[in-house]
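Student: Chains as they are written, first to last, in numbering that gives the first Met the number 0: chain E, 0 to 353; chain A, 0 to 302; chain Y, 0 to 293.
Just to be clear, a hint being listed does not mean it is correct.
Stated by the list, open to error - Using C-beta positions, here's what the derived DEER-type ranges look like: (1) Y:Leu205 / A:Arg68: 43 to 51 Å; (2) Y:Gln49 / A:Arg101: 55 to 63 Å; (3) E:Gly299 / Y:Thr184: 49 to 57 Å; (4) Y:Asp183 / E:Gly44: 49 to 57 Å; (5) E:Ser300 / Y:Thr184: 35 to 43 Å; (6) E:His291 / Y:Leu205: 50 to 58 Å; (7) A:Leu63 / Y:Trp197: 33 to 41 Å; (8) Y:Glu57 / A:Arg101: 57 to 65 Å; (9) Y:Leu205 / A:Ala17: 18 to 26 Å; (10) Y:Trp197 / A:Phe71: 47 to 55 Å; (11) Y:Leu205 / E:Ser300: 49 to 57 Å; (12) A:Ser243 / E:Lys106: 44 to 52 Å.
What the hints assert, rightly or not - If you want the footprint, here are the derived chain E segments under chain A, 3+ residues with CB under 8 Å: (13) 28-42; (14) 78-86.
Calculated directly from the structure, the hints in this document are not laboratory data.
Remember, it's a predicted structure, so these values are computed and weren't measured experimentally.
We put the CB at the ideal spot given by N, CA and C, even for glycine.
One letter stands for each residue in the lines below.
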Amino acid sequence: MTALAHAAGIHLVDLQKTYSKTPVIPGLTADLASGEFTVILGPSGCGKSTLLNMIAGLEKVSGGKIMIGSREVQDIPPKDRGLAMVFQNYALYPHMSVADNIGYALKVAGVPKDERTSRIQAAANVVNLGDYLDRRPSELSGGQRQRVAIARAIVREPQVLLFDEPLSNLDAKLRHDMRMELSSLHRRIGATSVFVTHDQVEAMTLADRILILNHGRIQQFDTPNNIYHKPANTFVAGFIGSPPMNLVEAQASNGAVSVGGVRLAATETSGDVTVGIRPEHIKVTESGIPVHVAYREDLGSHSTMVVEMENGQTLRLATQLGEPIRGGEWVHITIPEDKLHFFDAATGDALRSD
Amino acid sequence: MIEDTRSINTTATLLLLAGCAFVLAPLVFVVITATQSYGDFLRNNFSLVPGTHFFENLQQVWELTLLPRQTFNSFVVAFVSAFGRCFLAFTTAYAVVFFAPRYSIFIYAAVLASIMLPLDLMVIPAYQVAANVAMPINAVANLGGAWETLFGAPLDLQLNLLNTYAGAAIPLMAQGTGTLIMVQYFKTLPVDLAKAATLDGASPLRFMVDILLPLSKGPLLSLFIYLFIGGWVAYMWPLVSISSPDMQTAVVGLTALDSGMGEDEIPNFPLQMAGAIMVTAIPLVLIALTQRLIVRGLVLSEK
Amino acid sequence: MSNRFYRNKWLPLWLASPQLVVLFFFFYLPVFLAFFWSFYLERPFGGGSQFVGWQNFERVLSDPEFWTSLWRTLTYMVVASSTSIICALVLALAADRGIRMSPLARNVLIWPKAVAAASIGVIFLFIFNPFMGILAPLNEMFPGFWNPRINPVHTWIMIYIANIWSAIPFTFIILLTGLQSIPDTLHKAAAIDGAGPWRRLFDIQLPLLTPQLFIVVVLEIADSLSGSFALIDTMSQGGPGGATNLLVYKIYVDGFKAYDLSGAATQTAMLMIVVAAVTAFQYLVVEKRVKYER
């Protein structure tokens, strides 16, 4: 099984979903390029699973269009859309062997037995399960079951692969391994992939582009790098990064923005703004803004602190280990001006001065 | 356990021994009596000393009574009613659990209502229905004399189920416990299975046959055994709906075993007890062998 | 998460239709007919039916035998279900202690499930036979000590014992499962709080067992009613002197022996209302108070 020549892009045009008059997705337009690995990221209830199910054809579309390649598919049954899906709980058929699980779609489609066997074998080889074809899912480990689910998806040689939080049931170590496997699998088979998750680490590591969704609306659709460094609004800023970005209400006047009288940076705007600063960008220095360390946690590789400015404003910060700081001490911090993010205090949208 | 509870455990052991003795004693009496000859029995009355005529008594039951034939009838009625109830429970539960249309709630309610009133409470009208199943068709056709005006005479279709296997078994199926159990089970299955099957190209019916049915093998089997025994031990409906002795079920047949005797005559109790063994053997062996399945079935029906 | 995934409009109806057809013919139609005949009188010699209004009800309700039978039926439901539940509860509590007898008892106590109530009626009728059964020697020493054919109290004792015998398995298993699902940590916590075994029985086990107790009460009350027919038909035929003539048996006799279709149907209709009311009451009122989140 080599790279799929027939991967196809997905185009969502004003896609809508309404449940008993409550709009879940009020109208969503996005283009997912052919062969691209897109991660849909958002908190639970943001509509990301609904969006995926609509692409798969498992939920009816309330309005708008879904195009796969040049075909309009919203009224085509799922099996004819040229896509396959990997489910959260694997959804393997417990009474079937691994081979039968992988080959069920082919059997339903009436593929002759010989061809079926060779395609099952090929798909199983891709995920290194060639020796497990006779086992039942219950005899496999969590990671192996996940691979069966993937093999079942790729055996149909789909143009589009959909993933519905496929890693959320694995333990931390396995999740890490599966992330790497998925990543290399994607490079090998090259199908357009859509991956739904609420885990930002999965999103950052797997995605070519991340589509961040909240209340059914796209908050930002961009590369992981841009999502991290140029969050489009306060929601994205607060959602990505761990610990999350500090978002501070500040006032801009006379060419400077300040928090409770403490000057942070020069600016051209005026009025109320929200200032974002990532915890890892705040430095503990000899001089600077005096803060009181309210709480400190050592995490081995680094430590996080909650500090309190003299005006009562609290900030989270993450530092390398080594600074001999204890809770209750007073220290000085410096906030690099070029690392600050500015957002409209009313709308939350990023203010771009550049 | 937590503290030293020897005295409590002794009490518990005694209680359980008493319980087992209470359950086993009648069965032991049955077996002992069945080993005695009628003559011995008349001479000694009730005795705990086993006799030597067990096989003779069984042979007599086999040759002189209708019980063998009636045991076969019991098997047919129990099997058909249990199989039918499992089938109906499976398809109905699938319809209720896996499909979106709202009207399925009313179907479920209509099925659940049937649990409230067992068949035994309505043998009189049920007997009437079984006597002519075409009755409602006649009634609708003759509404306001419609059929008579059109064809000259009132419609009078006759389909009598009394005295048939169908008439004995089908009314036993009109009870929703099985559906309730299957609905509870289906609700524990991940919906993603249906989604995966849909993406694999399987239609809802194909999903039912290829995925759901094999997955339900365990619950269906214990439900089947549970209902099979229930059909076997049914008494009132077979008694009412079957009048000819060679169509009768064994449980009813056993109660009629002594009826040929006069008031003053002492019934042939050893023979009757040998008959009781024949009637009870199949379900008892089934229970002893499938202990776990039965318990699971009982526990399932609780929820 | 809801499992209602398929959107087919009519397929579920087709799937459920066999069940609905069976229910129509042997549940809903009989229920309807019971009420229909309670307002109609069957003309003799197959002459059709005649609407008589409340006449059937007036006839049944003015019959003192109906009222005694109804009262007897209600008493029987209460006594039969409570005796069998208490016996099963005691046994379940004993078996829950995980002693050496428990596995054996768990097995043996289910056996009565395989014996038809009618068969155990025949068997107990023999065992309690005043002249040939186990109590015959006592009868020889004290003539008239035991005779269920003449003394209604003896008949009732016999019937109740047979009822307990055949009701044990179901109740026992459900209560035992309920007891075993009470987490062991609760026992330990209560023991550390200073509660002894008796205290724990009343403060922990029984309160947490209420859902199961509720279920068995509902089911036993229904079962005792329909199961009573087999016992009475085989053991006493309503006798002696009508003392065990429960409503279910009376309806059977009125309908199939006395050919009083309208009278039997009227009593059936009223029995249905009573049973449906009792069940509905149990579900609507009692059930709400016995649910615990575990």
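Student: If a hint holds in the structure, say so; if it doesn't, say that too.
Tutor: Taking the hints in turn, this is what the structure says about them:
Range check, leucine 205 of chain Y to arginine 68 of chain A: Cβ separation about 50 Å, and the 43 to 51 Å hint holds. In this structure the hint that glutamine 49 of chain Y and arginine 101 of chain A lie 55 to 63 Å apart at CB is violated, the actual value being about 43 Å. For glycine 299 of chain E and threonine 184 of chain Y, the Cβ-Cβ distance of about 34 Å falls outside the hinted range of 49 to 57 Å, so the restraint is violated. Under the hint 49 to 57 Å, the C-beta atoms of aspartate 183 of chain Y and glycine 44 of chain E, about 37 Å apart, miss the expected range.
Between serine 300 of chain E and threonine 184 of chain Y the CB atoms are about 37 Å apart, so this pair conforms to the stated range of 35 to 43 Å. Distance hint for histidine 291 of chain E and leucine 205 of chain Y: a CB-CB separation of about 56 Å, consistent with the stated range 50 to 58 Å. Under the hint 33 to 41 Å, the C-beta atoms of leucine 63 of chain A and tryptophan 197 of chain Y, about 57 Å apart, miss the expected range. Evaluation of the 57 to 65 Å hint for glutamate 57 of chain Y and arginine 101 of chain A yields a failure: the beta carbon distance comes to about 44 Å.
At roughly 21 Å, the beta-carbon separation of leucine 205 of chain Y and alanine 17 of chain A lies within the given 18 to 26 Å, and the hint holds. A C-beta distance of roughly 53 Å is found between tryptophan 197 of chain Y and phenylalanine 71 of chain A, which places it inside the suggested range of 47 to 55 Å. Checking the proposed 49 to 57 Å range against leucine 205 of chain Y and serine 300 of chain E shows it holds: the Cβ atoms sit about 54 Å from each other. The hint said 44 to 52 Å for the Cβ distance between serine 243 of chain A and lysine 106 of chain E, and at roughly 50 Å that hint holds.
Coverage of the stretch 28-42 of chain E by chain A is violated in this model, with 0 residues showing a Cβ closer than 8 Å to a Cβ of that chain against a need of three. Taking a C-beta to C-beta cut-off of 8 Å, the stretch 78-86 of chain E contributes 5 residues in contact with chain A, enough for the three needed, and the coverage statement holds.
Going through the hint list in order, the structure does not satisfy hints 2, 3, 4, 7, 8 and 13.
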